[in-house]
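Enquirer: Make the complex out of the two chains shown on their own, each in a separate frame, by following the hints.
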Amino acid sequence: DAGVIQSPRHEVTEMGQEVTLRCKPISGHDYLFWYRQTMMRGLELLIYFNNNVPIDDSGMPEDRFSAKMPNASFSTLKIQPSEPRDSAVYFCASSLYPSSTWVETQYFGPGTRLLVL
Amino acid sequence: ELKVEQNPLFLSMQEGKNYTIYCNYSTTSDRLYWYRQDPGKSLESLFVLLSNGAVKQEGRLMASLDTKARLSTLHITAAVHDLSATYFCAVDSTYSGGGADGLTFGKGTHLIIQP
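First to last, the protein sequences are chains A and B. Reading the first sequence from the start, the letters are residues 1 to 117 in my numbering. Reading the second sequence from the start, the letters are residues 118 to 232 in my numbering.
Any given hint could be a false lead.
[Unchecked claim] The following label-pair restraints were derived from C-beta to C-beta distances:
no., chain 1, residue 1, chain 2, residue 2, range
1, B, Ser-201, A, Pro-84, 30 to 38 Å
2, A, Asn-51, B, Ser-143, 24 to 32 Å
3, B, Ser-129, A, Arg-113, 21 to 29 Å
4, A, Gly-3, B, Ser-201, 17 to 25 Å
[Claimed, not checked] Simulated crosslink set (BS3-like; lysine-lysine; CA at most 30 Å straight-line):
no., chain 1, residue 1, chain 2, residue 2
5, B, Lys-134, B, Lys-158
6, B, Lys-224, A, Lys-68
7, B, Lys-224, B, Lys-185
8, B, Lys-158, A, Lys-78
9, B, Lys-158, B, Lys-173
10, B, Lys-120, B, Lys-224
11, B, Lys-158, B, Lys-120
12, B, Lys-173, B, Lys-224
13, B, Lys-134, B, Lys-224
14, B, Lys-173, B, Lys-134
15, A, Lys-68, A, Lys-24
16, A, Lys-24, B, Lys-158
17, B, Lys-224, B, Lys-158
18, A, Lys-78, B, Lys-120
19, B, Lys-158, A, Lys-68
20, A, Lys-78, A, Lys-68
21, B, Lys-134, B, Lys-185
22, B, Lys-173, B, Lys-185
23, A, Lys-78, B, Lys-224
24, B, Lys-173, B, Lys-120
25, B, Lys-120, B, Lys-185
26, B, Lys-120, A, Lys-68
27, B, Lys-224, A, Lys-24
28, A, Lys-78, A, Lys-24
[Unchecked claim] Partner residues are not named here, just some residues of chain A that face chain B (Cβ under 10 Å, in silico):
no., residue
29, Phe-91
30, Gly-109
31, Arg-113
What the hints contain is simulated information worked out from the structure, not anything from laboratory work. Note that this is a predicted model, so its numbers are computed, not measured. For every residue, glycine included, the Cβ atom is placed at its ideal position computed from N, Cα and C.
Excised from the complex, chain B in its bound form (with noise of 0.2 Å):
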């Protein structure tokens, strides 16, 4: 069974830091995806990571995976009140092969940003 961890499950930070969320899987994937989920709101799609140390960036988000250490990071850099959200990974089980599969999310991280 395919397994997702993300830490931490909350977070709440001042505006102008960094910091990093994690994401753990258990099994071999293609596919890594980051969401944000605003109160409410649907999920909003941020990255989709393909290959090992692919690196993406959306202005102060970046994102990273490392398939051999099935780990990977979302960086959030000099934060913003307008980040505070719930930031989801997921993992596409699909293995190899082609075509595409249902995902597996972590429980989401609840990044509070405060002025």
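Extracted from the complex, chain A is given alone in its bound form (with noise of 0.2 Å):
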């Protein structure tokens, strides 16, 4: 398997843009996840899906964030407008849903750098 893929890799737009960061999970995984990193913050978890479904949207820092999942191998983030303070790796992963003995690992992708200028 080609593991998660992601584009753009790298994203520099100017305030005020659109921006759309795409993102095919692992073939056959129910999950899919949404994490931002930034130096300050660290890693965060924005959004969450389980069979395309989103299950805790809590940490979407703003209503100019949005996350969709339309079928089983594509999910998009967007934001609009776009602001210097967005400016992060947003990394997408996936995983399987886990049993009750077993559970296996989160599969990140390579990230999307995005600057906001």
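Expert: This is the structure in structure tokens:
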């Protein structure tokens, strides 16, 4: 398997522009997670999906952020309008549904480095 | 609110030495994860620990979990330069239930191993 795929890998945009980040999870995985990493705040969970349904979006910082998962193989994270403080590395991760005695790890994609000028 | 604290946050050590990174978390949790991150790279999974007393080893790294103390340790034996990286512990806040949850991460331990 190719692992979790994210695009673009790098994005530079100007304040006020719309930004769309994309993620393809590992085939067959039940969960998809979006995280953000900054020097100041570390790694933070933004939102996650189970079987394409959003389960917890309490980490989404503002209404400017939205995420969708229209099917099992694709998810988007959109920022509109973008602001300089949104500059960060955005990671997508996926995992299988755990059993009572077994849990597989969350597999992280390569990340999208976003710079908002 | 679930909190995950790692210490130390920075560690510089010499090759051949042993050291331990500590991870404390604030609430009952089913699962404890350790990840490695190289500069500019993604997170690489090292261990998933599921139960009290769990111990896992891979090469020079050994992780353990004490759920009663809410403490996990990552022990490095006879460190080598290639182990230089940032190490994160993370906790899945799912409690005695089914399914998975997002991870709450510690701030990471930046480890430098000098020849």
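Enquirer: Now, for every hint given, state plainly whether the structure supports it.
Expert: A quick look at each hint next to the structure:
1. Checked against the hint of 30 to 38 Å, the pair Ser-201/B and Pro-84/A passes, with Cβ atoms roughly 31 Å apart.
2. Between Asn-51/A and Ser-143/B the Cβ separation comes to about 30 Å, which falls inside the hinted range of 24 to 32 Å.
3. Here the CB-CB span from Ser-129/B to Arg-113/A is close to 27 Å, well matched to the stated 21 to 29 Å.
4. One distance hint, 17 to 25 Å for the beta-carbon pair Gly-3/A and Ser-201/B, holds here, with the actual separation near 24 Å.
5. At roughly 26 Å between alpha-carbon atoms, Lys-134/B and Lys-158/B fall within 30 Å of each other, so this suggested pair holds.
6. A threshold of 30 Å between alpha carbons decides the hint, and for Lys-224/B with Lys-68/A the separation of about 28 Å falls inside it, so the pair holds.
7. Distance hint between Lys-224/B and Lys-185/B is fulfilled; the C-alpha atoms sit about 22 Å from each other, no more than 30 Å.
8. For the hint pairing Lys-158/B with Lys-78/A, the CA-to-CA distance comes to about 22 Å; that is within 30 Å, so the pair holds.
9. The straight-line distance between the Cα atoms of Lys-158/B and Lys-173/B is roughly 24 Å, inside the 30 Å bound, and the hint therefore holds.
10. Proximity of Lys-120/B to Lys-224/B is assessed by CA-CA distance (about 10 Å); at most 30 Å being required, the pair is judged to hold.
11. At most 30 Å may separate the alpha-carbon atoms for a hinted pair to count; Lys-158/B and Lys-120/B meet this at roughly 25 Å.
12. Taken as a hint, the Lys-173/B and Lys-224/B pair is honoured in the structure, with Cα atoms around 22 Å apart against an allowance of 30 Å.
13. A C-alpha spacing of about 24 Å is found between Lys-134/B and Lys-224/B, which places the hinted pair at or below 30 Å, so the restraint holds.
14. Restraint check for Lys-173/B and Lys-134/B: satisfied, since their Cα atoms lie roughly 20 Å apart, inside the 30 Å limit.
15. For the given pair, Lys-68/A sits about 12 Å from Lys-24/A by alpha-carbon distance, which is consistent with the 30 Å threshold.
16. Only pairs whose Cα atoms come within 30 Å are accepted, and Lys-24/A paired with Lys-158/B is accepted, the gap being roughly 18 Å.
17. Proximity of Lys-224/B to Lys-158/B is assessed by CA-CA distance (about 16 Å); at most 30 Å being required, the pair is judged to hold.
18. At roughly 28 Å between alpha-carbon atoms, Lys-78/A and Lys-120/B fall within 30 Å of each other, so this suggested pair holds.
19. Of the supplied pair hints, the one linking Lys-158/B and Lys-68/A holds, its CA atoms being roughly 25 Å apart against a limit of 30 Å.
20. With a CA separation close to 9 Å, the supplied pair Lys-78/A and Lys-68/A stays within the 30 Å bound.
21. The suggested pairing of Lys-134/B with Lys-185/B holds, with an alpha-carbon distance near 29 Å, which does not exceed 30 Å.
22. A hinted pair counts as satisfied when its Cα atoms are at most 30 Å apart, and Lys-173/B with Lys-185/B qualifies at roughly 18 Å.
23. Taken as a hint, the Lys-78/A and Lys-224/B pair is honoured in the structure, with Cα atoms around 26 Å apart against an allowance of 30 Å.
24. A distance of roughly 23 Å separates the Cα atoms of Lys-173/B and Lys-120/B; the hinted pair therefore holds under the 30 Å criterion.
25. Using a Cα cut-off of 30 Å, the hinted pair Lys-120/B and Lys-185/B holds, with the two alpha carbons roughly 16 Å apart.
26. Between Lys-120/B and Lys-68/A the alpha-carbon distance is near 28 Å, which keeps this suggested pair within the 30 Å criterion.
27. Between the alpha carbons of Lys-224/B and Lys-24/A the distance comes to roughly 27 Å, so the proposed pair stays at or under 30 Å and holds.
28. Of the pairs offered as hints, the one joining Lys-78/A and Lys-24/A holds, with about 15 Å between alpha carbons and a cut-off of 30 Å not exceeded.
29. At about 7 Å, the closest approach between the beta carbon of Phe-91/A and any beta carbon in chain B falls short of 10 Å, and the interface hint on this residue holds.
30. Annotation: Gly-109/A was flagged as interfacial toward chain B, and the flag holds, the nearest CB pair being 6 Å apart, inside 10 Å.
31. A least Cβ separation of about 9 Å between Arg-113/A and chain B falls short of the 10 Å threshold, and the interface hint therefore holds.
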